[in-house]
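Same order as they appear, the protein sequences are chains E and X.
Following full-length UniProt numbering from start to finish, the first sequence increments by one per residue and tops out at 230.
Following full-length UniProt numbering from start to finish, the second sequence increments by one per residue and tops out at 230.
Hints in this document: simulated from the structure, not taken from any laboratory.
This one's a predicted model, so the numbers in the text were calculated from it and none came from an experiment.
One or more of the hints may lead you astray.
Identical copies look the same in the list; a pair holds intra-copy or inter-copy alike.
Calculated cross-link-like contacts (lysine-lysine; reagent style BS3-like; alpha-carbon spacing at most 25 Å) [said to hold, decoys possible]:
1) K109 with K154
2) K109 with K199
3) K109 with K122
4) K211 with K154
5) K109 with K77
6) K29 with K11
7) K199 with K154
8) K29 with K122
There are 2 protein chains.
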Amino acid sequence: SLHRIKASGLKLQLCTNETQATRENFVRKLRAMGFDISVAEVTAPAPAACRLLRERGLRPHLLVHDDLVPEFAEIDKTNPNCVVLGDAAENFTYANLNEAFRVLIGMEKPVLISLGRGRYYKETDGLKLDVGAYMKALEYACDVQAEVVGKPAKSFFESALAELGVPPEQAIMIGDDIVSDVGGAQRCGMRALQVRTGKYRPSDENHPHVKPDAYVNNLAEAVDIILQQL
Amino acid sequence: SLHRIKASGLKLQLCTNETQATRENFVRKLRAMGFDISVAEVTAPAPAACRLLRERGLRPHLLVHDDLVPEFAEIDKTNPNCVVLGDAAENFTYANLNEAFRVLIGMEKPVLISLGRGRYYKETDGLKLDVGAYMKALEYACDVQAEVVGKPAKSFFESALAELGVPPEQAIMIGDDIVSDVGGAQRCGMRALQVRTGKYRPSDENHPHVKPDAYVNNLAEAVDIILQQL
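When you get a sec, could you build the whole thing from the sequences and use the hints?
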């Protein structure tokens with residue numbers, strides 16, 4: 001399906017909330033599975049956060065996964081004036097959480113940037129608390145609201161559109177998550193297809209707030225429909 | 001001051017949110033400082049939680065400080081059907097938090113009991129996240145609301161009154177925390193004096209919701225006033 005999109009001349013951007021690896025590693029894994037994808041075709045929370053940090057002159061204290069740290073290599077991290085929180089996994093230690101908290105509470109107006117708001121996810125050895133839970137802990141302790149980079153943030157889809165160089169009405173989002181994918185893309189002015197695979201649940205079709213522009217059975221069918229209308 | 005209260009024949013109950021030690025250890029420390037206090041004169045969150053667990057037939061999975069575990073010695077902890085969260089300090093590891101989360105998310109209706117809702121506190125080596133922050137993390141991940149045992153919960157002050165065997169209108173609370181002490185005691189029907197020591201801040205006198213029945217400069221003055229009115 002990816003190949004057919006590219007062969008048709010359409011531009012493509014993969015939007016992922018992956019924050020346990022750099023885009024380079026993420027792309028390497030996809031290429032190993034046979035997907036023809038380049039780093040420039042991936043929008044991920046860490047690069048979006050880096051853009052935000054640069055724009056606002058913010059120097060982060062990082063509480064992220066070790067494998068994500070290289071994404072912030074070019075960013076000045078001396079004398080931090082904000083905290084960037086990702087799915088730090090084993091780095092979510094009592095000491096690291098207290099340290100991130102102390103950086104925040106020491107600021108006149110704490111700035112907390114979170115690379116997502118997920119509640120939990122499943123790994124081979126069981127369910128794990130996701131970044132959103134730790135975000136809530138720090139929000140409560142510091143009485144602040146985090147700025148969330150990543151789906152479903154409008155700014156995240158806007159930066160994907162900026163990469164593509166197209167306005168929202170000329171773009172279409174295909175995704176399996178009713179809120180993070182469909183809701184986020186629509187709020188940004190894009191049309192959105194929900195695939196009935198992956199995270200999709202039949203109950204999504206009765207979601208109280210979000211309704212995709214159309215449902216498709218899978219990615220191949222989404223591509224069929226899009227290419228037919230060109 | 002404690003001695004004068006006791007000598008007058010008034011009953012006394014110390015209400016603490018301490019959850020890093022058993023009441024036995026807490027009382028041992030106070031006695032070492034010269035205070036004539038017995039375990040029966042202390043109301044603390046863990047014994048209040050034990051009462052609640054027994055009343056509702058709940059078997060806790062504990063995420064608490066090692067030193068607090070003996071408070072739950074008599075409680076059946078097999079095949080847990082709730083999680084009890086205290087200020088676990090070094091026990092707030094990634095693995096322990098995931099484990100508590102898995103116990104909760106595995107229940108049809110997760111029951112989370114928190115021994116407080118504090119945001120943070122200060123120790124000699126710096127500020128630390130308190131139990132409330134971890135409570136918020138688990139609340140968000142499981143989409144539940146914790147039941148808070150400890151100040152300012154109404155049930156906590158009620159159990160102190162039950163220990164004293166007096167109705168709220170015959171009791172008076174003396175404390176330094178405008179919300180946890182004064183607010184909680186008043187919600188329970190007690191009169192409440194705020195001392196201008198400890199956690200007291202001048203801004204407390206403009207608190208939007210809570211107004212003590214009177215201010216006193218310190219505990220000794222509070223006792224003077226109370227004894228004069230006997």
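Cross-check of the supplied hints:
no.	hint	result
1	K109 with K154	within (24 Å within a copy, 33 Å between copies)
2	K109 with K199	between (37 Å within a copy, 22 Å between copies)
3	K109 with K122	between (35 Å within a copy, 20 Å between copies)
4	K211 with K154	within (17 Å within a copy, 43 Å between copies)
5	K109 with K77	within (18 Å within a copy, 43 Å between copies)
6	K29 with K11	within (21 Å within a copy, 70 Å between copies)
7	K199 with K154	within (21 Å within a copy, 42 Å between copies)
8	K29 with K122	within (19 Å within a copy, 45 Å between copies)
Checked against the numbered hints above, the structure breaks none of them.
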